[in-house]
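Chains as they are written, first to last, in this note's numbering: chain A, 1 to 385; chain B, 1 to 90.
Keep in mind that the hints were calculated from the coordinates and are not lab data.
Ideal Cβ placement from N, Cα and C applies to all residues, glycine included.
Hints are supplied without guarantee of correctness; some may be wrong.
Covered stretches of chain B (chain A as the covering partner; in silico rule of three or more C-beta atoms under 8 Å from a C-beta of chain A) [claimed, not checked]: (1) 20-28; (2) 34-43; (3) 46-57; (4) 61-69; (5) 74-87.
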Amino acid sequence: MYPNLSHSEILRYSRHLLIPEVGLEGQRKLKAASVLVIGTGGLGSPVAMYLAAAGVGRIGLVDYDVVDFSNLQRQVIHGTSALGTQKVESARQRVLDINPDITVDVYNEPFTSENAMRIAEDYDILVDGTDNFPTRYLVNDVSVLLGKANVYGSIFRFEGQVSVFDARRGPCYRCLFPEPPPPGLVPSCAEGGVLGVLPGTVGTLQATEALKLLLGIGEPLIGRLMLYNALDMSFEYVKLRKNPKCKVCGSEPEVTELIDYEAFCGVPGHDHEEGEVGGGWDITASELAERLHKDGKHIRLIDVREPHELQISRLEGASLIPLGQFAARMSELDSADEIVLFCKSGTRSARALELLASAGFRKMKNLKGGINAWAREVDPSLPIY
Amino acid sequence: MPTIRVPTPLRTYTEGEKEVQVHGKNVGEVIENFIERYPELRPHLLNGDGELRAFVNLFLNEENVRDLGGLETVLQEDDRLMLVPSVAGG
Chain A
1 MYPNLSHSEI
11 LRYSRHLLIP
21 EVGLEGQRKL
31 KAASVLVIGT
41 GGLGSPVAMY
51 LAAAGVGRIG
61 LVDYDVVDFS
71 NLQRQVIHGT
81 SALGTQKVES
91 ARQRVLDINP
101 DITVDVYNEP
111 FTSENAMRIA
121 EDYDILVDGT
131 DNFPTRYLVN
141 DVSVLLGKAN
151 VYGSIFRFEG
161 QVSVFDARRG
171 PCYRCLFPEP
181 PPPGLVPSCA
191 EGGVLGVLPG
201 TVGTLQATEA
211 LKLLLGIGEP
221 LIGRLMLYNA
231 LDMSFEYVKL
241 RKNPKCKVCG
251 SEPEVTELID
261 YEAFCGVPGH
271 DHEEGEVGGG
281 WDITASELAE
291 RLHKDGKHIR
301 LIDVREPHEL
311 QISRLEGASL
321 IPLGQFAARM
331 SELDSADEIV
341 LFCKSGTRSA
351 RALELLASAG
361 FRKMKNLKGG
371 INAWAREVDP
381 SLPIY
Chain B
1 MPTIRVPTPL
11 RTYTEGEKEV
21 QVHGKNVGEV
31 IENFIERYPE
41 LRPHLLNGDG
51 ELRAFVNLFL
61 NEENVRDLGG
71 LETVLQEDDR
81 LMLVPSVAGG
């Protein structure tokens, strides 16, 4: 049976006990429940904090990263004093400060095909707060193979998606997205940005769905995808159906054990920017500074960032061709020129370089690490963003 | 004319437009005309065989056009198509 509540727990959860849909019985269910939160970033922050405050008895936190200065704009579980420390440790301290009566398990490691089943099997439900495609497919397949619900949330700039994927009762993530986009086609938050409060809204919705599932109340988002747009302040819903040919939850599944998700998606399992092309196509900031000093007039500098990013930092003499217009405006470039492409950190310019290569250009380089590397290595008067 | 709702990640390619009205009797025609207006969208929406790419979903009202008639799905003048892309941010 469900565990009893102490007097102090009854007082702590008093506002839950007053709701007939929760009540003492529901609160005891929450105390007996366990949730695995994968990722302690923008989405994982509100998820972990609200589930802890609500009295979910055991919360698992998975993350391998450390708290970075650029996280603090949205990852509210981490404070400035936690900079440089393990995210899971920082999150554990915050969560246990909110509610010392619960148990917090931390996994300071990437969530991978090697450890995912072992970590996840001990939890009632999974919450996907990851930031990249390989780990999202991994979380989905783990939830299907273990027969657990996957509370999904995903964000970009001003838009969020929320659903509950539970293959026992409805579609899974692969039913909606059978394959990931090719590498580089969809920008990550590290490249495209995100409104800081957006993961707060989306993560709070995920926490709500997790609590409803644990309590067995209401209508969960199974078979529905919620689309939130913060600019329009709109919430829309579309119907999701199980794909009978789904490779993991269909009637004849091909995926019966975890696969290599980085190979499946063609990208690493984190949203850190790569910043280089490889194969001799890169130039470092210091090398570029030297080349510009020697024979600058022969080098064509092309900035592929968005126009508003010029207000943050710019390189003298560079022409702007945003990546989104690059294919259409490639005719402005001369394949006889030596071209150096750059962006914030080298990821978008790597994609622009591929476009040039496929158009037959050969004399071009990618500024490895982007204008941020230039700011670090050559011109410290520029800010890093 | 049917309306296409453009999600944030693809607005880079539609000059920032969030809703675009496009001629077409069915989903396939609307998508072709949409791409004709914004050619950079093609790799984001269609594969080499002219089919919707596996990581893009198009909803007519609340239903996925894959669950209706796919690109053959007939559209009414006031229909609204919503593009739902894969996003992974968290």
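Hint check results:
Coverage of a stretch by a chain is defined here by at least three residues with a beta carbon nearer than 8 Å to that chain's beta carbons; for the region 20-28 of chain B and chain A the count is 0, and the condition is violated. Coverage of the region 34-43 of chain B by chain A holds in this model, with 3 residues showing a Cβ closer than 8 Å to a Cβ of that chain against a need of three. Judged by the Cβ-Cβ criterion of 8 Å, the region 46-57 of chain B is covered by chain A as claimed, because 4 of its residues qualify and three suffice. For the region 61-69 of chain B, the stated coverage by chain A holds: 4 residues have a C-beta nearer than 8 Å to a C-beta of that chain, and at least 3 were required.
For a cut-off of 8 Å, the count of residues in the region 74-87 of chain B with a CB near a CB of chain A stands at 5, and the three-residue condition holds.
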